[in-house]
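For the record, the sequence lines run as chains S and H. In terms of the working numbering, the first sequence opens at residue 1 and continues consecutively. In terms of the working numbering, the second sequence opens at residue 1001 and continues consecutively.
For the record, the hints were derived by calculation from the structure and aren't laboratory data. Note that the structure is predicted; figures quoted are calculated from it, not measured. Treat the hints with care, since some could be wrong.
[To be verified] One-sided and incomplete, this derived list gives chain S residues near chain H with beta-carbon spacing under 8 Å:
(1) Asp-90
(2) Glu-158
(3) Ala-176
(4) Pro-180
(5) Gly-185
(6) Gln-208
(7) Ser-256
(8) Pro-267
(9) Thr-302
[To be verified] Okay, the calculated bits of chain H under chain S, using three or more residues with CB under 8 Å as the criterion:
(10) 1149-1158
(11) 1166-1172
(12) 1175-1187
(13) 1249-1260
(14) 1266-1277
We put the beta carbon where it would ideally sit given N, CA and C, even for glycine.
The lines below spell out each chain.
Protein chains: 2
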Amino acid sequence: MANASPEVKNHTTLALDIGGTWIRAATVTHDGRLLGARKQANPTTSSATEILALCAQLADEARAASPVPPLGLGVSTTGPVNPRTGVLYDPPNTPAGFSGLPLGQYLREQLDLAVVVDRDANAAALAEQRFGAVRGCTDFVYLTVSTGIGAAVIADGELLRGADGAAGELGHVVVAPDGPVCGCGRRGCLEAVAAGPAIGRAADRHAQANPGSGLAKLRDSLGGTPIRGHHVGVAALEGDPDARKILAAVGAAVVSSIVDIVNVFNPQRIVLGGGVAMAQPNWIEEANDALRQSALQPASETARVVPTELGDNGGLLGAALLLDQPDHGARHRRQE
Amino acid sequence: MANASPEVKNHTTLALDIGGTWIRAATVTHDGRLLGARKQANPTTSSATEILALCAQLADEARAASPVPPLGLGVSTTGPVNPRTGVLYDPPNTPAGFSGLPLGQYLREQLDLAVVVDRDANAAALAEQRFGAVRGCTDFVYLTVSTGIGAAVIADGELLRGADGAAGELGHVVVAPDGPVCGCGRRGCLEAVAAGPAIGRAADRHAQANPGSGLAKLRDSLGGTPIRGHHVGVAALEGDPDARKILAAVGAAVVSSIVDIVNVFNPQRIVLGGGVAMAQPNWIEEANDALRQSALQPASETARVVPTELGDNGGLLGAALLLDQPDHGARHRRQE
């Protein structure tokens, strides 16, 4: 940055984060502040057209808060996307109409800005590296346990992308071959065992099998809506032994996956985020103990698990950093 | 290579491959031919000093076959090593005296050559990329199922190294949480389920539980020496139903791990090698069917599993390529 002019140093970037629950937009300053932040529930039942229009509207509103014209728009999105083209692949948990959707091109035309689109986990990892829990780290894995399980790998300073930009799906590694069926169709993926809905379903199975239990009472009290992960978390905090057992088993699976990650990636750090993991802060210490004891040397001595510092803001802050990525940022600007 | 002088183009490199069973050495030509190849059983019961002396001797003999002074020595070794220094970490299946052994420095002094040391799986992956099954591929995973399970990942054209050069231990990912204890101490690693000795132990457990079975007869016929993977392979070929069942279960674990690998790395290719896998050629087709059906899109459409083309020569050929690696090759030469 030695030769950067003041204008470049004080640049802003428009950021959009399309999550499973919320769509958020903001102007992000070069030093990671959010201006004009907007947030609206993702109308997941609506058509792709409506969601696209909402995205463009929120981004446009957030742009009004920028003191200078933003350098471009970075978009962080749940589900798989081709980062080189901004076209969505068939996302497992969204309407089928999203498959092949040219999200990047649409927003470029609507907003007349350079646009880069990437997976939300990639964006969040970049944000933690620049502003959060792993500043300056060159080798780390970002793992988020939430409604789904997302992950991103930074190796030797670069995002692990794979042939199609779809690498990093650590939630779809089988950890329990006889476990529950996953949304992806396989049995016993980490996501099918440890994501929020999976925890709810485990509690539901337990309630069905044990009509007198506390979890059965919880189930009845919900009047037909499914038990969710946070219900189980609350029950465990209130001392329900079955809820505690379920969360302990989930924690063991997450911890074992983290040991696997240390053996596979030999990272300096693993950043653990997502609502489910943030509600179980003991997982951090348990994972650190387990990897010291069970991962291979020398990786076991180097790695350390740390909690996210940016939490829900990671995707939005990271979206703004996508335009700095050497691989696709440059490519999109050339297309302008 | 447009500006390469004839001498550089026709260079040779000395290569040493220190395996669990054999130590091999050769002069490798720039186009991948082996000259003056030497091979001797690894005296695994001997001291580190004796093994080092044998390595230096074999390399020196192989050097005599080189028509020009070799550019340096590349060493491919089983077990973890710091590729930047050539110092061995504590290898799981070799004498404890190897921990901290400065293999690179020793050979540099003995042979008066630039020396680069790396994991055998990394070397074999580079060899398959230059001379074998994945010429020109930028994103692939090399997986060898043999006495142990080794792996290397090439992502965006570069070896995945991790913070200490120890990344890629895909054999130490848990695939069967209730499975047999692994040499690394965890339960149910892929290596504890699918490597040759693990197959032998599974057959042994079956023989003990079923005294009248074909596997029990096989066990008795060995007079106290343990059943090994290749015995089970022969029994399966001869129609023994229990041996077939054991190998089918092992194949399913390997295939499931390959689907995991596709989700995690989004590779163009997976190269499957090693004695155990090469004896089960049906695993290639089974893995391709499974990943088409079960891996996430778009990775499932891109990936293809292919057999090794170089087999046992991969480590030796790849050792010679280590000196071309931008990261540590240059570093070692500067130390000269």
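Closest C-beta approach of Gly-185 (chain S) to chain H relative to 8 Å, hint status: Interface hint status for Gly-185 (chain S): holds (6 Å vs cutoff 8 Å).
For the segment 1149-1158 of chain H, does the count of residues with a C-beta closer than 8 Å to a C-beta of chain S reach 3? holds (count 3)
Is the shortest C-beta separation between Ser-256 (chain S) and chain H less than 8 Å? Holds - the Cβ of Ser-256 (chain S) comes within 8 Å of chain H, reaching about 6 Å at its closest.
Against chain H, is Pro-267 (chain S) within 8 Å by beta-carbon distance? Since the shortest Cβ distance to chain H is 6 Å, the answer is holds.
Count residues of the segment 1175-1187 of chain H with a Cβ under 8 Å from any Cβ of chain S, then say if the count reaches three. holds (count 6)
Checking C-beta pairs, does the segment 1166-1172 of chain H have three or more residues closer than 8 Å to chain S? holds (count 6)
Interface hint compliance - Pro-180 (chain S) to chain H, C-beta minimum distance less than 8 Å: Nearest chain H Cβ about 14 Å off; hint violated.
Using 8 Å as the Cβ threshold, decide whether Gln-208 (chain S) counts as touching chain H. It is violated, given that the least Cβ distance between Gln-208 (chain S) and chain H is near 24 Å, above 8 Å.
Have a go at the Thr-302 (chain S) hint: is there a Cβ in chain H nearer than 8 Å to its own Cβ? 5 Å, holds
With a cut-off of 8 Å, does the beta carbon of Ala-176 (chain S) approach a beta carbon of chain H closely enough for the hint to hold? For Ala-176 (chain S), the interface hint holds, since the closest Cβ of chain H sits about 6 Å away, which is under 8 Å.
Please verify that hint: Asp-90 (chain S), Cβ, nearest Cβ of chain H, below 8 Å or not. 5 Å, holds
Cut-off 8 Å, beta-carbon criterion: hint that Glu-158 (chain S) touches chain H: At 7 Å from the nearest chain H Cβ, Glu-158 (chain S) passes the 8 Å test, so the hint holds.
Going down the numbered hints, you'll see the structure goes against 4 and 6, while the others check out.
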